[in-house]
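Asker: So you can see what is in the structure, the chains are spelled out below.
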Amino acid sequence: MAAHGHGALMEESPYAIPSRKLTMWLFIISDAVTFGAFLFSYGYIRVSAANWTRPFESASVINVIVMTVVLITSSLTMLGAVDASKAGDKAKAMRFLYSTMALGAIFAALHLREWFQLFGRGITLSSGLFGQTFFTITGLHLLHVISGVIALFVVATRYSSGKLTPGYVENTGLYWHFVDLVWMFVVPLVYLTNIAH
Amino acid sequence: MSAASVSGNVIRRYLPVYFVLLAIFFVEVFLSFRVSSTGTLVVILLLLAVGSATLGLLYFMHLAEERRNLLLTLIPVTIFVLLMMNMFWSDSVRLLHMRPGAQ
Numbered sequence: 001m002a003a004h005g006h007g008a009l010m011e012e013s014p015y016a017i018p019s020r021k022l023t024m025w026l027f028i029i030s031d032a033v034t035f036g037a038f039l040f041s042y043g044y045i046r047v048s049a050a051n052w053t054r055p056f057e058s059a060s061v062i063n064v065i066v067m068t069v070v071l072i073t074s075s076l077t078m079l080g081a082v083d084a085s086k087a088g089d090k091a092k093a094m095r096f097l098y099s100t101m102a103l104g105a106i107f108a109a110l111h112l113r114e115w116f117q118l119f120g121r122g123i124t125l126s127s128g129l130f131g132q133t134f135f136t137i138t139g140l141h142l143l144h145v146i147s148g149v150i151a152l153f154v155v156a157t158r159y160s161s162g163k164l165t166p167g168y169v170e171n172t173g174l175y176w177h178f179v180d181l182v183w184m185f186v187v188p189l190v191y192l193t194n195i196a197h
Numbered sequence: 001m002s003a004a005s006v007s008g009n010v011i012r013r014y015l016p017v018y019f020v021l022l023a024i025f026f027v028e029v030f031l032s033f034r035v036s037s038t039g040t041l042v043v044i045l046l047l048l049a050v051g052s053a054t055l056g057l058l059y060f061m062h063l064a065e066e067r068r069n070l071l072l073t074l075i076p077v078t079i080f081v082l083l084m085m086n087m088f089w090s091d092s093v094r095l096l097h098m099r100p101g102a103q
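Chains as they are written, first to last, in the working numbering: chain R, 1 to 197; chain E, 1 to 103.
It is worth saying that the hints were derived from the structure and are not from the lab.
You may find that some hints are simply not true.
To be verified - Where chain R lies over chain E, by a calculated footprint (3+ residues, C-beta under 8 angstroms): (1) 18-25; (2) 38-44; (3) 49-55; (4) 71-83.
Stated by the list, open to error - Short, incomplete list of chain R residues facing chain E, as computed with Cβ under 10 angstroms: (5) Val33; (6) Tyr44; (7) Met78.
The beta carbon of each residue, even a glycine, is placed where N, CA and C say it ideally should be.
Using the sequences and the accompanying hints, generate a full structural model.
Answerer: See the structure below:
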């Protein structure tokens with residue numbers, strides 16, 4: 001019995017994934033519920049408010065289109081990074097990881113440009129219900145994007161030096177795709193329902 | 001087949017999902033200019049967003065390739081919690097109006 005180690009005594013994992021990956025999934029689920037709470041509260045405030053600010057004109061819509069295309073494309077490059085790292089092609093994985101980071105940084109820059117345009121028009125965190133909900137939700141998402149870029153940088157650096165396995169790249173990829181998924185709810189609810197007609 | 005050539009196929013493999021996600025997004029933008037009723041627009045956009053998220057979960061996050069147990073453990077519970085949250089929000093509004101002196 002001793003020759004088989006502890007593994008022989010334990011049941012097979014019901015999910016057949018490493019515990020680190022399961023932990024990332026559980027984190028993603030809890031984070032999804034956090035975003036869900038913000039979006040539900042936004043929805044209730046949005047529907048119950050009599051006069052709601054609709055600040056987004058065509059320039060903002062074009063900006064959000066570019067942001068969305070950039071973020072979805074970054075998910076595609078992340079898939080490339082995960083796949084290349086699993087296949088042992090470190091150089092290719094690094095190229096894809098740097099592309100994902102660059103796209104994430106472009107997304108954050110476009111996001112901040114949108115914010116500063118709103119600040120210029122007097123819409124801030126303290127300027128009413130729209131400002132409070134908009135900057136809270138998009139701010140939380142932007143925080144996730146910036147954290148993701150930092151995490152990607154740390155993982156890429158340590159993966160290239162051989163300190164981390166491809167499993168870490170895959171876990172960071174899961175987080176990155178989740179950030180993309182959240183944006184798919186933020187855009188329609190926070191941007192597209194507030195277009196000035 | 002070398003490891004490098006295997007890794008080169010993944011972009012091509014997921015390109016259809018990528019284009020479907022972009023198409024759904026452009027439909028959302030188009031509808032946001034066409035539908036004037038906010039309630040109707042929110043419902044349509046939410047349904048499309050759920051469709052996009054499902055594609056992202058299944059293909060980009062590879063949930064379709066994992067063991068079914070993982071999907072059955074994570075997704076129904078999340079949906080349940082989100083729906084319950086929806087119930088609690090509306091209930092909090094009801095309690096507010098039931099409270100004496102509430103405006």
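Asker: Are any of the numbered hints broken by this structure? If so, which, sorted upward?
Answerer: The structure conflicts with no hint, since it agrees with every one listed earlier.
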